[in-house]
Amino acid sequence: MGTESEITVGFIGNPNCGKTTLFNVFTGANLKVANWPGVTVERVEGETSYKGRPIKLIDLPGIYSLTSYSIEEKVSRKCIMEEHIDVIVNVVDASSLERNLYLTLQLLEMGKPVILALNMMDIVEERGMEIDLHRLPELLGGIPVVPVSARKKTGLDVLLHAVIHHYEEGSKGSVVHYQKEIEDLIAQTEKKLETHYGKLVHKRWYAIKLLERDEEVLTYYPLGVLSKEIKYEKQIINQKYDYIEEIIEETLVNKDAKAQATDKIDHYLTHPILGVPIFLGIMAMVFFLTFTIGDFLKGYFEVGLEIFSKGALNILEKFGIAEWLISLIVDGIIAGVGGILTFLPNIFILFLALAFLEDSGYMARVAYIMDRIMSKLGLSGKAFLPMVLGFGCTVPAVMATRALEKEKDRKKTILVTPFMSCSARLPIYVLFADMFFEKYAIVVAYSLYLIGVFIAILIAMIVNKLEKQKEPQNTLLIELPEYKSPNARTIAIYVWEKVKDYLTKAGTTIFIASIILWFLLNYNIHGMTEDVAISFGAAIGRFLEPILRPAGLGMWQIGVALISGISAKEVVVSSFSVLFGVGNINSAAGMTELTQALAGYGFGALNAYALMIFCLLYTPCVATIATIKKETNSWKWTIGMIGFQLVFAWSVATLVYQIGRVIF
Amino acid sequence: MTLSEGKVGEIYTVLEVQMEQKNIVRRLEALGILEMTKIQVLNTKRGGAFIIKVRGTRLAVGKSIAQGIIIKEE
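Which chain is which? The protein sequence lines are A and B, in order. Letter by letter, the first sequence follows residues 144 to 807 in our numbering. Letter by letter, the second sequence follows residues 993 to 1066 in our numbering.
A hint or two may mislead.
Said to hold, decoys possible - Straight-line Cα separation of at most 20 Å, SDA-like style, residue types lysine to any residue; simulated pairs:
no.	chain 1	residue 1	chain 2	residue 2
1	B	1064	B	1001
2	B	1037	A	415
3	A	383	B	1065
In case anyone wonders, no lab produced these hints; they're calculated from the structure.
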């Protein structure tokens, strides 16, 4: 092997071809992998090495072609042409080779070394098909074709070996030979390019792009000599696909021979009538599991917390630590942070279920299933995907709206996504539903999810009416991947990421919020106080009391909890622990204690429901606000949204409370 | 006829893609949906969305796109 200089490798492929999963296997990075297109928007880099040779990997956004019509395509093109990518690894979904090869043929025209990484060969086999691995490279001009499996981690070393080998060998050139008319034009254009701009490294690529009248290339190399009106793009595309059909004919054995399981499953899951009820059923199941299995596991956590809390108290007392510090640690930090940790099982199950739906390939179908309902809101079914993600966490959900083409659709989706109950609101529902609604707890919690969805739809509808669109254009266009049995590793990475986020949040935001809260509740102008009712916190809460009263939330403690909740919604729960001095809030004893304390203020089931409604609708956490600001790039819009959410949450909670009072 | 009038299970040939939004026409082209492409209709539902199979790939398309794809029967 020659020099040990670093080789830069660009990973490129169609959306949803398993590119990011493969990238993760190489770099050990835990990037988000979702089973629908448009996830990788920003460029990501990582490092690996093969036999001591350092290799830099760049993960490029998933694209279908190399035109300059979308941001993703421009980013990828620029990266390949300008940023010294030495070798292109073209990740290809072998189970839909025909479509994937279109990009491959274009990459070959760019004149850089290309390696084909054939992913998802297992799906090809499952379908009873075979790919002729001898003929395929021949038809692609002799480039290395390496079957890999990101899931089973096979073929990885061979791929890296091919990278180094092929890097030293250089490009194999393009393989598509167009009809004589086009080839003559390419030759002419290449000549003209040379006379105007000197020697260009990738002149065939530029010539073809000029014939397609590619806007970007035209601005760089404005060859006025070409007749402007004639555009050869369609011929070029068609002839590429003609060549692809030839390749498929020669290399894919047994195509369509077997009845495909996906079609059978889709017959039910995307059924014109059953589709929506099945989706609702699946989501109901997800939440049912979240509550039941989560609650089952929760018991162990509570026992653990109880032991830990008592142990800590004992030790602290034994060492003669100052009383205020013991109070801060036990009543503030352990109660606040520990209380939140006991909800981890619920969160775990929720994300496990969501990961399962994503990885199996069902999520993309949801866009189709919900298309009709969403089109009534002036949105495409695709806008529903960020909303479903919102059940997990609003932050990635807001970022996922990038996959929507139209700016207006994005804003509308960002506006309604926070109404989808995120996992941070789950502890609030679990706690208050369990406390006040006992055996109906799960129904009550589910009702909040439904109300959230309903309100999101309602608001989108109102915005749509206000916009007065003439003819809403429904341009849903989404690829539906094959169903596959979910991969344990992918799911494990996904869930672990979420659990880690949750633990990090407990250790940072909630930890700090609990400490601040403890100080606010144990101090006033005159220093430390025994009576929380005259603390700083109480003073702040009292200010909000009259405003919250019509909503049935007229307690200063609730005011404090709701303000704290803006740091993170779970903090509403930890606030209650700290405010009422309940050590283990999520345990049966803790709940009884809190219920009784609240009952002392005349706070009953209806108030609890109003509180849950308020928490569902009011301003999401700081992290979401920051994300929305970043994504909309407008403070005005962001602040307007916060104001709207506060007023709206108050109005609905008031409505529910006042109507409820009349009825019950 | 347009794809909107297509029947489930049938295979059609695309004659033309006629849409105002040029960016969508390009997306379809990149997906290999242009003149002479064969399309199989897999599923449809009220609201005018279709699931089609094109060159070995399943795609869900909305009403406006379905109306813009001019097809003829095999």
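Is it true that the CA of residue 383(A) sits at most 20 Å from the CA of residue 1065(B)?
Judged against 20 Å, a Cα distance of about 24 Å means the pair is violated.
CA of residue 1037(B) to CA of residue 415(A), is that 20 Å or under?
5 Å, holds
Would you mind confirming whether the straight-line C-alpha gap from residue 1064(B) to residue 1001(B) stays at or under 20 Å?
Judged against 20 Å, a Cα distance of about 14 Å means the pair holds.
Consistency with the previously given hints fails for number 3 only.
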